[in-house]
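Peer 1: If you read the protein sequences in the order shown, they are chains A and B. Residue numbers for the first sequence follow numbering that gives the first Met the number 0, so the first one is 0 and each next one is one higher. Residue numbers for the second sequence follow numbering that gives the first Met the number 0, so the first one is 0 and each next one is one higher.
Worth flagging that the hints you see were computed from the coordinates, not collected in a lab. Heads up, none of these hints are tricks.
From chain B, some residues computed to sit far from chain A (all C-beta separations above 10 Å): (1) H31; (2) Y107; (3) R209; (4) D326; (5) G341; (6) D501; (7) K550; (8) D578; (9) T607.
Not everything, but these chain B residues come out facing chain A in the computed CB check (under 10 Å): (10) I83; (11) A91; (12) Q286.
Label-pair restraints from in silico Cβ distances: (13) B/A388 to A/D211: 33 to 43 Å; (14) B/T220 to A/K174: 25 to 35 Å; (15) A/A226 to B/K502: 43 to 53 Å; (16) A/K17 to B/E224: 13 to 23 Å; (17) B/K318 to A/P148: 50 to 60 Å; (18) B/D402 to A/K9: 20 to 30 Å; (19) A/K174 to B/Q500: 42 to 52 Å; (20) A/P148 to B/A564: 55 to 65 Å.
Here the structure is a predicted model, which means the values were calculated and not measured. Here a beta-carbon is modelled for each residue, glycine too, at the ideal position from N, C-alpha and C.
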Amino acid sequence: MDKNINITVKVWRQAGPKAKGAFETYKLQNISQGSSFLEMLDVLNEQLVNKERKEPIAFDHDCREGICGMCSLYINGHPHGPDTAVTTCQLHMRRFNDGDTITIEPWRSHAFPVIKDLVVDRRAYDKIMQAGGYISVNTGCGVDANAIPISKVAADEAMDAASCIGCGACAAACKNGSAMLFVSAKVSQLALLPQGKVEAARRAKAMLGKMDELGFGNCTNTGACAAECPKSVSLSNIARLNREFICAKLGD
Amino acid sequence: MIQREELLKNGKVVAAIPEGPLAEKWTNYKAHQKLVNPANKRKLDVIIVGTGLAGASAAASLGEMGFHVLNFCIQDSPRRAHSIAAQGGINAAKNYQNDGDSVYRLFYDTIKGGDYRAREANVYRLAEVSNSIIDQCVAQGVPFARDYGGLLDNRSFGGAQVSRTFYAKGQTGQQLLLGAYSALSRQVQKGTVTLYTRYEMLDLVIIDGRARGIIARNLVTGKIERFAAHAVVIGTGGYGNTFFLSTNAMASNGSAAWQVYKKGAWFSNPCYAQIHPTCIPKHGEFQSKLTLMSESLRNDGRIWVPKKKEDAEAIRAGKLKPTQIPDEDRDFYLERRYPAFGNLVPRDVASRAAKERCDAGFGVNETGLAVYLDFKYAIERLGKDVVAARYGNLFQMYEKIVDDNPYETPMMIFPAIHYTMGGIWVDYELQTSIRGLFAIGEANFSDHGANRLGASALMQGLADGYFVLPYTIQNYLADQIQVPRFSTDRPEFEEAEKAIQDKIDRLMKIQGKRSVDSIHRELGNIMWEYVGMGRTKEGLEKGIALIADLKKVFWSDLFIPGKKADFNVELEKALRLADFLEIGDLMARDALMREESCGGHFREEYQTEEGEALRQDDKFSFASCWEYQGEDAEPKMLKEPLEYEFIKRQTRNYKA
Numbered sequence: 000m001d002k003n004i005n006i007t008v009k010v011w012r013q014a015g016p017k018a019k020g021a022f023e024t025y026k027l028q029n030i031s032q033g034s035s036f037l038e039m040l041d042v043l044n045e046q047l048v049n050k051e052r053k054e055p056i057a058f059d060h061d062c063r064e065g066i067c068g069m070c071s072l073y074i075n076g077h078p079h080g081p082d083t084a085v086t087t088c089q090l091h092m093r094r095f096n097d098g099d100t101i102t103i104e105p106w107r108s109h110a111f112p113v114i115k116d117l118v119v120d121r122r123a124y125d126k127i128m129q130a131g132g133y134i135s136v137n138t139g140c141g142v143d144a145n146a147i148p149i150s151k152v153a154a155d156e157a158m159d160a161a162s163c164i165g166c167g168a169c170a171a172a173c174k175n176g177s178a179m180l181f182v183s184a185k186v187s188q189l190a191l192l193p194q195g196k197v198e199a200a201r202r203a204k205a206m207l208g209k210m211d212e213l214g215f216g217n218c219t220n221t222g223a224c225a226a227e228c229p230k231s232v233s234l235s236n237i238a239r240l241n242r243e244f245i246c247a248k249l250g251d
Numbered sequence: 000m001i002q003r004e005e006l007l008k009n010g011k012v013v014a015a016i017p018e019g020p021l022a023e024k025w026t027n028y029k030a031h032q033k034l035v036n037p038a039n040k041r042k043l044d045v046i047i048v049g050t051g052l053a054g055a056s057a058a059a060s061l062g063e064m065g066f067h068v069l070n071f072c073i074q075d076s077p078r079r080a081h082s083i084a085a086q087g088g089i090n091a092a093k094n095y096q097n098d099g100d101s102v103y104r105l106f107y108d109t110i111k112g113g114d115y116r117a118r119e120a121n122v123y124r125l126a127e128v129s130n131s132i133i134d135q136c137v138a139q140g141v142p143f144a145r146d147y148g149g150l151l152d153n154r155s156f157g158g159a160q161v162s163r164t165f166y167a168k169g170q171t172g173q174q175l176l177l178g179a180y181s182a183l184s185r186q187v188q189k190g191t192v193t194l195y196t197r198y199e200m201l202d203l204v205i206i207d208g209r210a211r212g213i214i215a216r217n218l219v220t221g222k223i224e225r226f227a228a229h230a231v232v233i234g235t236g237g238y239g240n241t242f243f244l245s246t247n248a249m250a251s252n253g254s255a256a257w258q259v260y261k262k263g264a265w266f267s268n269p270c271y272a273q274i275h276p277t278c279i280p281k282h283g284e285f286q287s288k289l290t291l292m293s294e295s296l297r298n299d300g301r302i303w304v305p306k307k308k309e310d311a312e313a314i315r316a317g318k319l320k321p322t323q324i325p326d327e328d329r330d331f332y333l334e335r336r337y338p339a340f341g342n343l344v345p346r347d348v349a350s351r352a353a354k355e356r357c358d359a360g361f362g363v364n365e366t367g368l369a370v371y372l373d374f375k376y377a378i379e380r381l382g383k384d385v386v387a388a389r390y391g392n393l394f395q396m397y398e399k400i401v402d403d404n405p406y407e408t409p410m411m412i413f414p415a416i417h418y419t420m421g422g423i424w425v426d427y428e429l430q431t432s433i434r435g436l437f438a439i440g441e442a443n444f445s446d447h448g449a450n451r452l453g454a455s456a457l458m459q460g461l462a463d464g465y466f467v468l469p470y471t472i473q474n475y476l477a478d479q480i481q482v483p484r485f486s487t488d489r490p491e492f493e494e495a496e497k498a499i500q501d502k503i504d505r506l507m508k509i510q511g512k513r514s515v516d517s518i519h520r521e522l523g524n525i526m527w528e529y530v531g532m533g534r535t536k537e538g539l540e541k542g543i544a545l546i547a548d549l550k551k552v553f554w555s556d557l558f559i560p561g562k563k564a565d566f567n568v569e570l571e572k573a574l575r576l577a578d579f580l581e582i583g584d585l586m587a588r589d590a591l592m593r594e595e596s597c598g599g600h601f602r603e604e605y606q607t608e609e610g611e612a613l614r615q616d617d618k619f620s621f622a623s624c625w626e627y628q629g630e631d632a633e634p635k636m637l638k639e640p641l642e643y644e645f646i647k648r649q650t651r652n653y654k655a
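Isolated chain A, as found in the complex (with noise of 0.2 Å):
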């Protein structure tokens, strides 16, 4: 049964992105475990606006139901917290105990740097998407829908691709701070699917060529971006990526 607890947070505050920031520590008292993470850090900044007068802690977040991915957070050194396959916005507080200290920390990537305490600048994500996250084709321009039989297999796997919200959590688990999986997924739900094939070389190193530009790190087969992601987007995409490089390159 959820009960109230008593925890201790430990949060990095930072007033700018030149600013130099600190943890500061904030006490919490009678948080229902009911309660959603997020939840928990309104009722801090409640307390830090009205009580104390303060600013309150700014985070990102907007869905509050696991699929904008807008939230993000390291907690307790992982990023979207200690559960598996959940976003932050749906981690609940039945997973701390009474007594707890709770380290909030923003995502640790050098390709999104801070703005404001723990809001961080995801628009890297956004320019890798724009080098070549498409198929190529105009409004209008669509056959009817099923005049291409697409296997229920590879219609399935691409969903499961697709499935990724962008939060970036894969890269700031990455300790070389790659985007593989991010790309990987939405070149794998492409070249799955007849309608993306065509492109598909070019698109593996566009969105490649994209990544590495803008300061991202390579991949090194470690696992930590799938173990950390929200929405349990599988290495093999990262597999696929690299065939459709590999053959993208032959072709040059």
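Use these hints to put chain B onto chain A, whose structure you have.
Peer 2: For chain B alone, coordinates are given in the frame of chain A:
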């Protein structure tokens, strides 16, 4: 105040609907509309606010056509727009299941589902373009669910007797949005679309009676910036967060719509808000939002409450488990009341039926504000694996939040605010009552009448963005090719920016004692209590008075910490709440005016003996069009009569 005199005939609003038989209107329109040649398209700028299904698809399509698009969103990426959270699916009249579907039937179901309060011509066009949406999405690589033969699968949804809903697991909105986001990204790469992320529109700029730009706040720096264009499109979604607790994302807001209303755009049917029947019940005072469980669950889940009051009481006290109640003591109230549609009645009907049972004392959960959605029968019939394949991710989500396993014990659900059918008034071309200002997706009012059917929001957002606006906006822009780009140094921009700066200064200077959220929660309670599922004249009048009092508290006792020219979330929220307080007031006024029950609007004074909604077609067969009259003046209401030329209005009946 009225910007477009041609929209008023004999004091009534007309929507510029093309002549001719229903099925030919859109074809005829497209054949005769004005177009812009490719060389001129490059000279024309369009501002699109919002990057959800409607905004992103419109931005991508207009970019592909060669216009220059400035596309704004409040999140850090266009892919985060709240369309992403839609779970169940998207409707289309493909009739791939050979079960009798057609464009006409989708049109008919949508009109009927909307309780005969939507505009015929718009809805027919929506049904007509629905099939192109599916073709477009498949071409973009949207991984819709397929059968073993490699062809697309469908599921059924509330309010329809055919299976016309296309889906991608329980993440259809995500996949459709990512499709539109991909198309948008391609245009950004090509340079036709310029993206402005973490920007929030704060006002509309009108020059010589036409929408020519916006004032926006850079949410990272806090700087107020000016943007000019030949036309402005609002695609910023609905205003459900007026209720504080809703299924909307935390940042979803009605402010862009409200700003254009205050600049003269009519706001239609604000009282039509959809309460979704299958949400996870509220669990505590700290709760920040309500989580929706897809309507698709009603395909296989059976909804019930205990038949005996003492059982319900024992459950509430924690002395009895739902699994201990035998079938004969369970009241499957939807199947009992609506044999023809059963658990698949439309959302408004299902929500009201749940409220009726809970009000009568049969509710479960500690609060008594929940009903069961049970998969025991589906698991017996189909096996656990099939149920897991269909709903696995939803069950996982439920278990994470509630800490109960829905494979073993029934889910608990309760209605919550989900979608707003009302919105900015638009004509057939999706143009508002301000020239050059368009509204698309949930932000407009046009297609769902008083109630939206499940899987139709995605359809409308993409219809507007891919297939309607890209045509109709050209009919406007064709006359603008001689208009040079405007300088943002013009006095109109100067004035609009100053007004915003003054408003922000005023908010920052209050330095009172109340946080934004504490006032917003209070507004939510007023809305739910008096402008919620069951409305009365007395309740609405009380609600209006309470909102007015709360507005005074807001403007006198608010506290915003930090600086205005900085990343300041409290200031962002305060600006939105200032508008929610006014939107709540207009919702209540509209509900008070509408002395009938229809769709999502239920006035307790107007119901049948069996408790069903009772429309007053002779008096209220119109869309209300509210016109702003100034800060302290009552808004004026105009009417757009809803004449049904092609179908006969009936009492909605889901019983037989």
